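Novice: Each residue of the sequence shown is one higher than the last, beginning at 1289 in the numbering used here.
Derived from the structure by calculation, the hints contain no laboratory data. Where hints are given, some of them may not hold.
Unchecked claim - Cut-off 25 Å, straight-line C-alpha distance, at most; resulting in silico cross-link-like pairs (SDA-like, lysine to any residue):
#1 K1399 x Y1656
#2 K1399 x A1371
#3 K1498 x A1396
#4 K1549 x L1522
#5 K1294 x P1568
#6 K1549 x A1572
#7 K1368 x W1331
#8 K1368 x A1353
#9 K1629 x Q1485
#10 K1368 x A1407
#11 K1549 x T1587
#12 K1461 x E1381
#13 K1368 x R1341
#14 K1643 x T1483
#15 K1643 x G1610
#16 K1295 x P1384
#17 K1549 x T1584
#18 K1629 x A1396
#19 K1461 x G1423
#20 K1293 x K1368
#21 K1498 x E1642
#22 K1399 x E1363
#23 K1498 x W1331
#24 K1643 x R1655
#25 K1643 x T1587
#26 K1498 x G1633
#27 K1399 x G1372
#28 K1368 x T1308
#29 K1293 x G1315
#30 K1368 x R1406
#31 K1498 x A1353
#32 K1549 x T1581
#33 K1295 x K1461
#34 K1294 x D1386
#35 K1295 x R1570
Since we're looking at a predicted model, the values are computed, not measured.
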Amino acid sequence: MEQRKKKQIAILGSTGSIGTQALEVIGQNPDLYEVYLLTACNWVEALIAQARRFQPEAVVIANEAHYPRLRDALEDLPVKVYAGEEALCQVVESQPIDLVLTAMVGYAGLKPTIHAIRAGKPIALANKETLVVAGELINELTQQYRVPVLPVDSEHSAVFQCLVGEAGNAVEKVILTASGGPFRNCTWEELQTVTRQQALRHPKWNMGDKITIDSATFMNKGFEVIEAKWLFGLRPDQIEVVVHPQVMIHSMVQFEDGSLKAQLGMPDMRMPIQYAFSYPDRVASAYDRIDFTQCTSLTFEPPDTTRFRNLTLAYEAMNRGGNVPCVLNAANEVVVAAFLKDRIGFLAMSDVVEKTMERVDYIRAPRYEDYVATDEVARRIAAELVAAL
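My request is simple: use the sequences and hints to build the entire structure.
Specialist: Here you go:
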């Protein structure tokens, strides 16, 4: 029997939550996957450890100040070492790469993802900001270069799995589930005094700081709504969000005949990562299974958009289109960074995002250069608003 060629995988953002779990998947399936490229921004020691274990073809540290440390630590290995954003964008185009996992956090993931698409690389998309900021551009490029985008977010992977085998069957709506975060039952008064430490304690998922705060404010779910529009070709009114605290159902699809399909699984990001790596096949795993004798109640409730306004702001940005989702993302990155440094209150984050959306000039059909300029202006305005608090 002919031996299957190992899939060569590039992981953009290998030291973050998704990146480290992706390496677990690869480590558990060494006959199927091989690491070609690892990248990080600042966590040079973690990147060194990963490179020594997996010995990829290349590593890139985005922050060039860490290059000497990385180079010296790996000089005894046959691993190419690069630094800077431009190097990352070039290396991600390397011919042997079979799949690019975009696990970088925030706007920084946009440019290298565009380079990977133009090089014809299939994308396993975990960086939701790429589609939030420039969904129309990314869709145009994926169609032009005939590049598949495989969703890694648990919710979008769930929708994707529900749609397998349903080609030609009209979707009535998609229902994205949300855990509700750590403050689901908090009053408005309690939310006014939320601390950084409290917000970082997510009840179900183990994620990085930025995504955990986004989940607590419901901005993460707002981003997922926008992402779903571009991934699945949906209208805003076809995307619904329900709070499902048990997070066993990761999302659902309702078809025009009224039938509803749901994808269930334990809250473990390794499963959607592995599915993106192996698609269209499924690979055996030892991950935990749902035990319905222990999980006897699945509950649902509507999201409270009065206490958690970010979901409404995301729908507004999606409905307005153009460069407004880019503004939403840029302002959010600024306020989350400020909140993590105790420079802004929990509820005030939504205020700054909303005001920034009002002040940035609207561009109906932005080009890449417009996204770059919009991001810069929105960050400046949001920073000014934070400083004025």
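Novice: Would the pair K1498 and W1331 pass a check requiring their Cα atoms to be no farther apart than 25 Å?
Specialist: Since the Cα atoms of K1498 and W1331 sit roughly 15 Å apart, the hinted pair holds (cutoff 25 Å).
Novice: Between K1368 and T1308, is the straight-line Cα distance small enough, at 25 Å or below?
Specialist: Judged against 25 Å, a Cα distance of about 20 Å means the pair holds.
Novice: So if I understand the rule, the pair passes when the alpha-carbon distance is 25 Å or less; does K1461 with G1423 pass?
Specialist: The hint holds at about 20 Å.
Novice: K1295 and P1384 were given as a pair; does the straight-line alpha-carbon distance stay at or below 25 Å?
Specialist: Cα-Cα ~9 Å, so holds.
Novice: For the pair supplied as a hint, K1643 and R1655, confirm whether the alpha-carbon distance does not exceed 25 Å.
Specialist: The hint holds at about 24 Å.
Novice: Is the straight-line distance between the alpha-carbon of K1368 and that of A1407 25 Å or less?
Specialist: 20 Å, holds
Novice: Are the Cα atoms of K1498 and E1642 separated by 25 Å or less?
Specialist: 19 Å, holds
Novice: Just to be careful, I want the Cα atoms of K1399 and G1372 compared with a cutoff of 25 Å; is the pair within it?
Specialist: Since the Cα atoms of K1399 and G1372 sit roughly 12 Å apart, the hinted pair holds (cutoff 25 Å).
Novice: For a C-alpha distance cap of 25 Å, please report whether K1294 and P1568 respect it.
Specialist: Roughly 15 Å between the alpha carbons, so the hint for K1294 and P1568 holds.
Novice: Hinted pair, alpha-carbon criterion (25 Å max): K1295, R1570. Please report holds or violated.
Specialist: 15 Å, holds
Novice: Between the alpha carbons of K1629 and Q1485, is the straight-line distance 25 Å or under?
Specialist: 11 Å, holds
Novice: Is it true that the CA of K1549 sits at most 25 Å from the CA of L1522?
Specialist: 17 Å, holds
Going through the hint list in order, the structure does not satisfy hints 12, 22, 25 and 33.
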